[in-house]
Amino acid sequence: MKNRIKELRARDNLTQLDLAKKVDVRRETIVFLEKGKYNPSLKLAYDIAQVFKLNIEEVFIFAGD
Amino acid sequence: MKNSRKTLMYTSIVIMMAIWGFIAIEKGTDLFKGLDLYIFILIVVLGTIAFVRALKRDKEEKEGLPAEDELSNLIKYKAGYLTYMTSMYMWLFIFIFKDKFPNVESMLGGGILLSALIFFITKVSIKKKFNEK
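Line order of the protein sequences matches chains G and E. Quick note: the first sequence uses the working numbering, first residue 1, plus one each step. Quick note: the second sequence uses the working numbering, first residue 1001, plus one each step.
Hints in this document: simulated from the structure, not taken from any laboratory. One thing to keep in mind: the hints can contain errors.
Below, a list of computed lysine-lysine pairs in the PhoX-like style, where the Cα atoms sit at most 20 angstroms apart [what the hints assert, rightly or not]: (1) G/LYS35 <-> E/LYS1127; (2) G/LYS22 <-> E/LYS1059; (3) G/LYS35 <-> G/LYS2.
Covered, in the sense of this in silico footprint (three residues per stretch, anywhere, with C-beta under 8 angstroms from a C-beta of chain G), are these stretches of chain E [what the hints assert, rightly or not]: (4) 1055–1061; (5) 1069–1075; (6) 1120–1132.
Chain G stretches covered by chain E per the calculated footprint, using a threshold of three residues with CB under 8 angstroms from any CB of chain E [said to hold, decoys possible]: (7) 4–15; (8) 20–32.
From the three backbone atoms N, C-alpha and C, an ideal C-beta is built for every residue, glycine too.
Please put together the full structure from these sequences, using the hints given.
See the structure below:
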């Protein structure tokens, strides 16, 4: 699963730490997500999408799509 | 860091130092010989790692970050499972070579400390190689 977190973070001028605080995870988790090494839970994916005011499928791109 | 966790951390350090003080008085210079020396070094290393990690978490919590989240829990569970499996073989070897230990306390203490060391190494290794691609 790919994602646009890094791109959206740059768009909204957010640091990894800012995003981590907003979605209540450790900064390390954001690093792993951006590298595509970790697939988040549905709740975390939803929370991240909410931060960027987008739908989940606009932030996370499934391999089959 | 919540006050209760901070109190627990400092209490643990004081208890550990008190126990080591007692052992040092009881054993004298024998503490720094043979297997006891390795156990002592292992305790100091693991204690230092735990203390540094607690300080790091304290700093992160002050920044408003959680101490644990879904990824850290996942890594912890995976490391726990692997440590359990590895520890079973380790205890088997310890019991096979039980004659090599000077006493039962050193054997059990060493085994428990090795389990802690295996958990730490496994956790670091999983974190490094973690990739769900």
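How the hints compare with the structure:
Among the hinted pairs, G/LYS35 with E/LYS1127 is consistent with the structure: their alpha-carbon atoms are about 13 angstroms apart, no more than 20 angstroms. Of the pairs offered as hints, the one joining G/LYS22 and E/LYS1059 holds, with about 17 angstroms between alpha carbons and a cut-off of 20 angstroms not exceeded. For a cut-off of 20 angstroms, the pair hint linking G/LYS35 to G/LYS2 stands: about 9 angstroms separates their Cα positions. As drawn, the stretch 1055–1061 of chain E meets chain G at 1 residues by the rule of a beta-carbon pair under 8 angstroms; below three, the given contact is violated.
Beta-carbon proximity to chain G at under 8 angstroms applies to 4 residues in the stretch 1069–1075 of chain E; the threshold of 3 is reached and the given coverage holds. Requiring three or more residues with a Cβ within less than 8 angstroms of a Cβ of chain G, the coverage given for the stretch 1120–1132 of chain E holds, as 3 such residues are present. Residues of the stretch 4–15 of chain G lying with their CB closer than 8 angstroms to a CB of chain E number 0, which falls below the three-residue condition for coverage. For a cut-off of 8 angstroms, the count of residues in the stretch 20–32 of chain G with a CB near a CB of chain E stands at 9, and the three-residue condition holds.
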